[in-house]
Structure formats: structure tokens, C-alpha cells
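Visitor: Chains as they are written, first to last, in my numbering: chain P, 1 to 112; chain H, 1 to 112.
Please keep in mind that the hints were generated in silico from the structure rather than gathered at the bench.
Honestly, I wouldn't trust all of these hints.
[Unchecked claim] Simulated DEER-style distance windows between Cβ atoms: (1) Met41/H <-> Thr70/P: 23 to 31 Å; (2) Ser31/P <-> Met41/H: 37 to 45 Å; (3) Leu11/P <-> Met41/H: 33 to 41 Å; (4) Gln22/H <-> Leu82/P: 31 to 39 Å; (5) Pro112/P <-> Gly51/H: 30 to 38 Å; (6) Thr70/H <-> Ile12/P: 41 to 49 Å; (7) Thr15/H <-> Ser58/P: 46 to 54 Å; (8) Leu79/H <-> Thr70/P: 42 to 50 Å.
[To be verified] Keeping only pairs whose Cα atoms sit at most 20 Å apart, straight-line, the calculated DMTMM-like set for lysine to aspartate or glutamate is: (9) Lys71/P <-> Glu15/P; (10) Lys1/P <-> Asp69/P; (11) Lys57/P <-> Asp99/H; (12) Lys57/P <-> Asp69/P; (13) Lys17/P <-> Asp84/P; (14) Lys1/P <-> Glu59/H; (15) Lys9/H <-> Asp73/H; (16) Lys9/H <-> Asp26/H; (17) Lys9/H <-> Asp39/P.
Each residue gets a CB set at the ideal place from its N, CA and C atoms; glycine is no exception.
Residues per chain are reported as follows:
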Amino acid sequence: KNQVEQSPQSLIILEGKNCTLQCNYTVSPFSNLRWYKQDTGRGPVSLTIMTFSENTKSNGRYTATLDADTKQSSLHITASQLSDSASYICVVSGGGSYIPTFGRGTSLIVHP
Amino acid sequence: NAGVTQTPKFQVLKTGQSMTLQCAQDMNHEYMSWYRQDPGMGLRLIHYSVGAGITDQGEVPNGYNVSRSTTEDFPLRLLSAAPSQTSVYFCAARDSRTDTQYFGPGTRLTVL
Numbered sequence: 001k002n003q004v005e006q007s008p009q010s011l012i013i014l015e016g017k018n019c020t021l022q023c024n025y026t027v028s029p030f031s032n033l034r035w036y037k038q039d040t041g042r043g044p045v046s047l048t049i050m051t052f053s054e055n056t057k058s059n060g061r062y063t064a065t066l067d068a069d070t071k072q073s074s075l076h077i078t079a080s081q082l083s084d085s086a087s088y089i090c091v092v093s094g095g096g097s098y099i100p101t102f103g104r105g106t107s108l109i110v111h112p
Numbered sequence: 001n002a003g004v005t006q007t008p009k010f011q012v013l014k015t016g017q018s019m020t021l022q023c024a025q026d027m028n029h030e031y032m033s034w035y036r037q038d039p040g041m042g043l044r045l046i047h048y049s050v051g052a053g054i055t056d057q058g059e060v061p062n063g064y065n066v067s068r069s070t071t072e073d074f075p076l077r078l079l080s081a082a083p084s085q086t087s088v089y090f091c092a093a094r095d096s097r098t099d100t101q102y103f104g105p106g107t108r109l110t111v112l
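Full structure from sequences and hints, please.
Guide: The structure is reproduced here in C-alpha cells:
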């Protein structure tokens, strides 16, 4: 069964600090992995997409990594800001299905 | 471009009532889907459509109907609302070239 597990479930950090969110998946064969950011009361918005051949991709202060061999991805946030407070969702496509597999998300709170 | 729009933003129903959640997109994407989001459960797929006239069930389809008469519109119907359908509902349109899903702002539904 295709699964996506995210850790931690929730995280609280101080403004200006860095943090790393984890995503492990069992989806096979792998097509791509995407990180979404969901602000409270809004729909998810795509941050970055990783394909099999990509190890690292950055989007401003967000850097995603992918290890397709161990089926792991991470999202690193540098110099966090209050606006980074949100839920971050890992979504993996593949597994012989047209339907992507969603993780349950990591809730990040950035305190001043 | 408005992207993906959903109406209403909020709705309260009594058990047994029926209603339709509206979803429209102006991006001309063939693939559209409906999700529900519950605390601790992440996004779960209810129904999806790969084009006008074609719909299929997702992970949690019971109690919901969909139709797709045009590329733009993808309404979700609750046949007889139950308290278990209290949730936040998101509609999404998917760009098949980039595999990016664009989510609407959501409808918060409460069933009493």
C-alpha cells in the first residue's frame, strides 16, 4: 500500500531559527514528490517538486532534498519567519496510480 | 485568473439535509478532485474527474456524489448530511504538465 509518513507531527521554533521536516514514503514506482504549504484557513499551495533525478531544490528560504534510494525527503526552512507558521504537507505521485498519496502534514509554529 | 473558486465558504446543515458545494476553475485543467480535511487525518480524496463526463471514486466516496458536465465546474453533492461529514472541503484542479494541484480556499461544513 502506498504510504507517506511525516515527522514530526508538530514543531514549535523561535523566529530566526532553522528547522527540518521529514517525509518518508513507500510509493513505488516513484514519479515525483511535492511539498505544499497550507496556511490556516486556506488551501495548500505548492512549494517545490522533486523528481527522481533531483537531490536538492530550493525556493527562497525553503530547500527540499530527496533520497530516492531510502525513499526519504526533507524540507529545510532557513531563518524562519512568523509567516512560516503553517502546515507542511508531503505528497508523492506514482505507485501505479493516477492519484497522489498525501502525508498528514507537519504543523509548524514560529514564535517571536 | 481566479484559479479555483469554491462556494460557500461556510455552511451549517441539519442531519438529513442535502446540499451542493460548488467548485469552478478558469485554468482549463482536465483533472479535478474533491478532498476533505479533518484534524489529524490530512487530506483524503472523495471523488475525482479526469475530464468532462468522467468521474471516479476516491478514498472516502460514501455519502457524496459528483458530476462533471463542463471542464470548468465540478460540484460535490451531499445527499443526506450526517454529523460525520462535518469537515473542511477542498476542491483542486491539476495541471497535468507540471503535476501541480491548485487548491480552492475551502468550504467549512458543519452538520448538526
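Visitor: Determine for every hint whether it applies to the structure shown.
Guide: Consistency of the hints with the structure:
Separated by about 26 Å at the C-beta atoms, Met41/H and Thr70/P satisfy the suggested range of 23 to 31 Å. Our hint of 37 to 45 Å for Ser31/P and Met41/H is violated, since their Cβ atoms are close to 24 Å apart. Taking 33 to 41 Å as the suggested C-beta distance range, the pair Leu11/P and Met41/H does not conform, at roughly 19 Å. At roughly 34 Å, the beta-carbon separation of Gln22/H and Leu82/P lies within the given 31 to 39 Å, and the hint holds.
The beta-carbon spacing between Pro112/P and Gly51/H, approximately 48 Å, falls outside the hinted interval of 30 to 38 Å. Checking the proposed 41 to 49 Å range against Thr70/H and Ile12/P shows it holds: the Cβ atoms sit about 45 Å from each other. Under the hint 46 to 54 Å, the C-beta atoms of Thr15/H and Ser58/P, about 49 Å apart, fit the expected range. Here the CB-CB span from Leu79/H to Thr70/P is close to 44 Å, well matched to the stated 42 to 50 Å.
Pair hint Lys71/P plus Glu15/P does not hold up; C-alpha atoms about 30 Å apart against a cutoff of 20 Å. Of the pairs offered as hints, the one joining Lys1/P and Asp69/P holds, with about 18 Å between alpha carbons and a cut-off of 20 Å not exceeded. This hinted pair checks out: Lys57/P and Asp99/H have alpha carbons roughly 16 Å apart, not beyond 20 Å. Taken as a hint, the Lys57/P and Asp69/P pair is honoured in the structure, with Cα atoms around 17 Å apart against an allowance of 20 Å.
Restraint check for Lys17/P and Asp84/P: the C-alpha separation of about 11 Å stays at or below 20 Å, so the hint holds. At most 20 Å may separate the alpha-carbon atoms for a hinted pair to count; Lys1/P and Glu59/H meet this at roughly 13 Å. The straight-line distance between the Cα atoms of Lys9/H and Asp73/H is roughly 17 Å, inside the 20 Å bound, and the hint therefore holds. Taking the CA atoms of Lys9/H and Asp26/H, the gap is near 19 Å; set against the 20 Å cutoff, the hint holds.
Between Lys9/H and Asp39/P, the direct Cα distance comes to roughly 16 Å. Compliance with the 20 Å bound is thereby established for this hinted pair.
The structure fails hints 2, 3, 5 and 9 (numbered hints given earlier, in ascending order).
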